[in-house]
Amino acid sequence: MSAYLTPTLLLAVSALALGRHVDVYDALLEGGKRGLELVKTILPALVMLLTAVELLRASGAMEALTRLLAPAASWLGIPPETLSLVLIRPLSGSAALAVGADLMAVHGPDSLIGRTAAIMLGSTETTFYTISVYFAAAGVKRTRYAIPAALIADLAGFAAAAITARLLN
Amino acid sequence: MLALSLFCGLLTGSGDLGRAAMEGAGKAVSLCVSLTGSLCLWSGFAAVLERSGLQAGLARLLSPLLGRLYPTARRDEATMGALCGNVTANLLGLGSAATPLGVEAVRRMQALAGTDAATDEMCRLVVMNTASIQILPTTVAALRGSLGAAKPFDILPAVWVTSVLSVSAGLIAAGFLRHFWAGHPVKR
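From first to last, the protein sequence lines are chains A and B.
Note that our numbering gives residue 128 to position 128 of the first sequence, counting from 1, and the numbers run on in steps of one.
Note that our numbering gives residue 129 to position 129 of the second sequence, counting from 1, and the numbers run on in steps of one.
The hints are simulated quantities; they were obtained by calculation from the structure and are not laboratory data.
What you are looking at is a predicted structure, and each value in this text was computed from that prediction instead of being measured.
Just to be clear, a hint being listed does not mean it is correct.
Reference listing, derived: stretches of chain A covered by chain B, where coverage requires no fewer than 3 residues with Cβ under 8 Å from a Cβ of chain B [what the hints assert, rightly or not]:
| hint | segment |
| --- | --- |
| 1 | 56–70 |
| 2 | 74–86 |
| 3 | 127–138 |
| 4 | 156–168 |
Positions of the beta carbon are idealized from the N, C-alpha and C atoms, including for glycine.
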């Protein structure tokens, strides 16, 4: 069913937009340019971060860190291999994309670890970045319980991703 | 990260770090090249959603539900508009549209509350944004596709369930933690 998802969605939305007299092709091109902008902004960051990730792995640092935190992770049901992603996700979006891509490439995008990584990436956000942008822009100084509550949401998301990756196949 | 790798590399004496660095940099570029096509396609799709008014329609649909979570914001039409727009943009995966709308909503809430402390509703909005609620996680699907997944979108149900669970956990945690932080800026 999901094989037809992309063309069906594109067709349905385009037809609806045409019915409302929107220049669909023009909108697609404009959005495409935005996509290219996005690639342009993340490329330098990805180069630096994937280099760092590769170094961490080659030097054995990743392995040491994973072994250190594995008991806590397995208590929550999170596969230890995805720990690097769990740690970086709330801090940096492009770093998380780099680590997630690396996990999917090494273990295979359809493996349990690859799927868990993808679900984690798709259902969480760059928590600290978001909080600082929102509150800084509004001039809010005391954030009260926003950070702990957001981190609890993240943790629940990571643990849930490990379960849904197994169950919803 | 670099210092840590160097230290561990020396400690274990394993691997050729110079080669690893070059390899990582090369991987990043090929990843970006293979991502570009589908990212452009889905950004185009997002632009069509935006222009066709589908986004605004969904925002109207959501406003009664959101009014319950944000009783103070509901009284101010502009705040509610920005808030609904923010949630809708997040649902549709329009990250670049979601942030300015969310900031606008928080700014208006702050003006209404008149303190420099986050109100309960601001915390709720931030939690909803940091927990990410996305119907079509296109970037992740593009990533899966570029790495050769059989069906890039077959993680959708899992992403939905996970998102709902994490947002609920965040909102419940917020409702609980609220009692432990002094200085309720708004009396309700």
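Status of the hints after comparison with the structure:
Counting residues of the segment 56–70 of chain A whose beta carbon lies closer than 8 Å to any beta carbon of chain B gives 7, which reaches the threshold of three, so the coverage claim holds. Here's how the segment 74–86 of chain A fares: 0 of its residues keep a CB closer than 8 Å to some CB of chain B, so the rule of at least three is not met and the hint is violated. Counting residues of the segment 127–138 of chain A whose beta carbon lies closer than 8 Å to any beta carbon of chain B gives 8, which reaches the threshold of three, so the coverage claim holds. Counting residues of the segment 156–168 of chain A whose CB falls under 8 Å from any CB of chain B gives 8; the rule of at least 3 is met.
The structure is inconsistent with hint 2 alone, although it conforms to all the rest.
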